[in-house]
Amino acid sequence: MNFMAEKNNKVFVSGEIVTEAEFSHEVYGEGFYEMNLLVKRLSGQGDILPITISERLISDRQLKVGDTINALGQFRSYNKLVDGKSKLMLTVFIRELLDDIIVRNPNSIVLMGYICKPPIYRTTPFNREIADLLIAVNRSYNKSDYIPCIAWGRNARFAKNLAVGEKIAVSGRIQSREYQKKITDDSMKIMTAYEVSISKLVAYENAENFDVDEEFSLFGVIPNTQDESVYLD
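The numbering of the sequence shown is the numbering used here, which starts it at 1 and goes up by one.
Mixed in with the good hints there might be a few duds.
[Claimed, not checked] Simulated pairs of lysine-lysine, DSSO-like, Cα-Cα distance not exceeding 27 Å: (1) Lys117 - Lys143; (2) Lys117 - Lys160; (3) Lys85 - Lys200; (4) Lys7 - Lys85; (5) Lys7 - Lys189; (6) Lys167 - Lys40; (7) Lys40 - Lys7; (8) Lys80 - Lys200; (9) Lys182 - Lys117; (10) Lys182 - Lys85; (11) Lys117 - Lys40; (12) Lys117 - Lys85; (13) Lys167 - Lys117; (14) Lys189 - Lys160; (15) Lys182 - Lys7.
It should be emphasised that the hints constitute simulated quantities derived from the structure, not laboratory data.
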C-alpha cells in the first residue's frame with residue numbers, strides 16, 4: 001500500500017536523536033530498533049518521543065545520537081507486560097526518511113478513527129476546558145492502534161458529547177507529558193505519557209471538509225495561532 005495514499009494515520013516528525021538505538025523486535029527477518037527523538041515545539045520547548053525504526057533505515061544512514069532526521073510514519077500502540085500488568089505503549093513507527101525538505105512544522109499528525117471510550121471532560125483551576133479521548137485507528141491486517149488524545153477549548157466542548165463508536169478525524173501534534181505516579185504512601189515515580197494534542201477535530205459526516213492533504217503535508221500542519229486550542233504547551 002502506498003503510504004502517502006493512506007488517510008487514517010499519518011505522522012511527520014523532525015528532530016534530534018537523543019538515545020542510542022536499542023533492539024525491539026524482529027518481523028520476517030527484519031530487525032526493528034527503538035530510540036528517542038527530541039522534537040521542538042513552535043514555542044521552543046520540546047517533546048521527547050519514542051520512535052521505532054527498521055535496521056535497514058539505520059544502517060543505510062548510520063544514524064546515531066545527535067543526528068537530525070525528517071521522517072514520515074504512523075503513531076502506533078502495542079501492549080507490553082510491565083510488572084506483571086499489560087500496559088499500552090505508544091511509538092512513532094518510522095516508514096520513510098526524507099532529505100532536502102523545508103520544515104515549517106516539525107510535528108504533525110492526522111488521524112481518522114473511532115471513539116472507543118466515553119470522553120472525559122474537565123476544567124482546570126484556570127477554567128480552561130479539556131477533554132480526554134481514546135481513538136481506535138484501524139491498521140492493515142485487521143489490527144488497530146489505540147491513541148490517547150487531548151482536546152482544548154471549543155474542541156473539548158464538542159468532544160464531550162461524542163458517543164462510543166462515533167468516527168472522527170483529528171489533526172494536531174504528538175506531545176510528551178511528565179506526571180507523578182504514587183508508588184507507596186510516601187513515594188512517587190515520575191512517568192511520561194504520550195498523546196495527541198488536537199488542533200482540529202471534525203465528526204466523520206463532516207469529513208469531506210477535512211482535507212487530509214491540506215491538513216498534513218511534507219511541510220507539516222500550519223496552525224491557526226488565533227485558535228486557543230492550537231499547540232498549547
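Hint check results:
no.	hint	result
1	Lys117 - Lys143	holds, 18 Å
2	Lys117 - Lys160	holds, 11 Å
3	Lys85 - Lys200	violated, 34 Å
4	Lys7 - Lys85	violated, 33 Å
5	Lys7 - Lys189	violated, 38 Å
6	Lys167 - Lys40	violated, 30 Å
7	Lys40 - Lys7	holds, 25 Å
8	Lys80 - Lys200	violated, 31 Å
9	Lys182 - Lys117	holds, 25 Å
10	Lys182 - Lys85	holds, 16 Å
11	Lys117 - Lys40	violated, 31 Å
12	Lys117 - Lys85	holds, 20 Å
13	Lys167 - Lys117	holds, 12 Å
14	Lys189 - Lys160	violated, 30 Å
15	Lys182 - Lys7	violated, 39 Å
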